[in-house]
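Engineer: Residue numbers (our numbering), protein chains in the order written: chain A, 3 to 228; chain B, 3 to 228.
Keep in mind the hints are simulated off the structure, nothing from the lab. Think of the CB as a built atom: it goes at the ideal place given N, C-alpha and C, for glycine as much as any other residue. Among the clues, some could well be false.
[Unchecked claim] To give an idea of the interface, some chain B residues facing chain A are shown, with a C-beta separation under 7 angstroms as derived from the structure: (1) Gln71; (2) Glu73; (3) Leu153.
Number of protein chains: 2
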Amino acid sequence: MTRKVTVAEKVLSENDRLAADLRERFARLGIFCINLVSSPGSGKTSLLERTISALGEEIKLAMIAGDVQTENDADRLRRAGARMVRPITTGGACHLDARMVAKSVDQLDLEEIELLFIENVGNLVCPSSYDLGEDLKVVLMSTTEGDDKPLKYPGMFRRSSVMVINKIDMLELCDFDLDTAVRNARQINGNLTFLTLSCRSGVGLEDWYGWLRNAVEQKQLQRLGS
Amino acid sequence: MTRKVTVAEKVLSENDRLAADLRERFARLGIFCINLVSSPGSGKTSLLERTISALGEEIKLAMIAGDVQTENDADRLRRAGARMVRPITTGGACHLDARMVAKSVDQLDLEEIELLFIENVGNLVCPSSYDLGEDLKVVLMSTTEGDDKPLKYPGMFRRSSVMVINKIDMLELCDFDLDTAVRNARQINGNLTFLTLSCRSGVGLEDWYGWLRNAVEQKQLQRLGS
């Protein structure tokens with residue numbers, strides 16, 4: 003029996019192989035890795051800025067900041083106090099892939115990392131198809147984008163483990179119903195963990211930090227137990 | 003001299019050929035066609051809903067509504083009173099291409115159209131590479147997304163003719179500087195026309211309608227003159 007293999011399948015299987023290598027390296031070193039995905043302007047960089055300020059002394063953080071053009075996000079993270087930041091400029095590509103991440107990872111001091119954020123390109127479609135070796139995907143959406151987004155971009159919400167709803171301080175000003183957003187997301191993925199917060203007002207951020215602390219701790223315990 | 007042609011180049015050249023066919027058909031019939039692009043949640047469907055209410059009796063409108071999954075946008079447009087709506091569900095693809103549009107166009111009564119909107123998939127990266135036979139691209143961004151987006155997603159802003167800044171009623175509530183946004187966009191594309199508006203409060207919509215009326219009129223005159 004023969005089977006036709008498309009170019010897209012070959013690219014993805016090569017990507018999966020590289021991602022598996024990354025995942026294995028992260029596991030061996032006890033690095034918890036988050037692939038942070040969202041639309042443009044949902045607040046990925048703002049969330050990381052707040053996280054650096056709050057946890058930068060407590061947890062050994064590193065960040066890979068992906069962007070189509072510019073290194074603006076990486077610059078913002080450095081200004082926020084991040085010690086280890088690697089920018090990836092995709093030069094037009096709509097997503098990060100495992101090869102780009104592997105190249106950046108080689109430039110990081112992995113022994114000095116407990117929590118690695120990969121800030122993906124702002125795009126709710128394409129990044130969902132590319133495993134980057136992360137422990138899990140966190141999908142960020144903001145109240146200003148509308149509560150229908152999980153239904154309209156289901157691939158991303160299906161493949162994410164945590165859904166962060168940002169700009170919750172603007173809830174009353176938008177035609178956004180929180181119950182509807184959560185119900186729509188659960189319809190796509192019944193296993194999602196939900197966090198609501200505002201990077202601007204600060205409300206809800208303590209829960210995010212608590213979730214991160216716990217994830218990092220679990221990962222360290224897994225390493226010791228293996 | 004030989005030249006290597008990549009798969010991507012072949013796909014795009016086939017797309018360009020189909021798009022040129024569409025453009026020629028639209029020109030012959032005097033149809034002004036807009037490819038409406040933005041991030042998810044910038045307000046493409048809301049802008050079309052308002053446009054249907056305001057201009058639906060005055061201009062013969064038709065809409066092709068592209069979405070990764072669901073036909074929610076097409077349903078919203080029908081509820082707003084649109085007489086001619088065709089949904090395209092891409093089934094995971096991150097953009098519309100000319101083949102999908104040509105298939106939808108064949109199902110429209112083209113003699114009864116003066117203004118055709120193609121609402122693209124919510125994505126600031128991939129749709130910029132696919133000509134759909136439109137007269138021009140209108141890129142929509144909202145104040146809640148941040149004023150840096152033209153620099154970060156330059157391909158889309160470079161290939162657009164009009165930049166609509168939506169949710170202008172929320173300007174004071176966001177860390178969005180209008181001058182900075184315009185300056186960033188001009189840096190990428192010096193020929194952009196700018197419109198600021200709010201689909202919610204209605205401010206600025208008359209300018210949008212005026213711009214559309216003029217575009218449709220010019221297109222009709224071009225047909226008569228050819």
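Engineer: If a hint holds in the structure, say so; if it doesn't, say that too.
Structural biologist: A quick look at each hint next to the structure:
A distance limit of 7 angstroms between C-beta atoms decides the matter here; for Gln71(B) the minimum to chain A is near 5 angstroms, and the interface restraint holds. Checking Glu73(B) against chain A: minimum C-beta separation of about 10 angstroms lies over 7 angstroms; hint violated. Evaluation of the Leu153(B) hint against chain A yields a held restraint, the C-beta minimum of about 5 angstroms falling below 7 angstroms.
Of the numbered hints stated above, the single one contradicted by the structure is hint 2.
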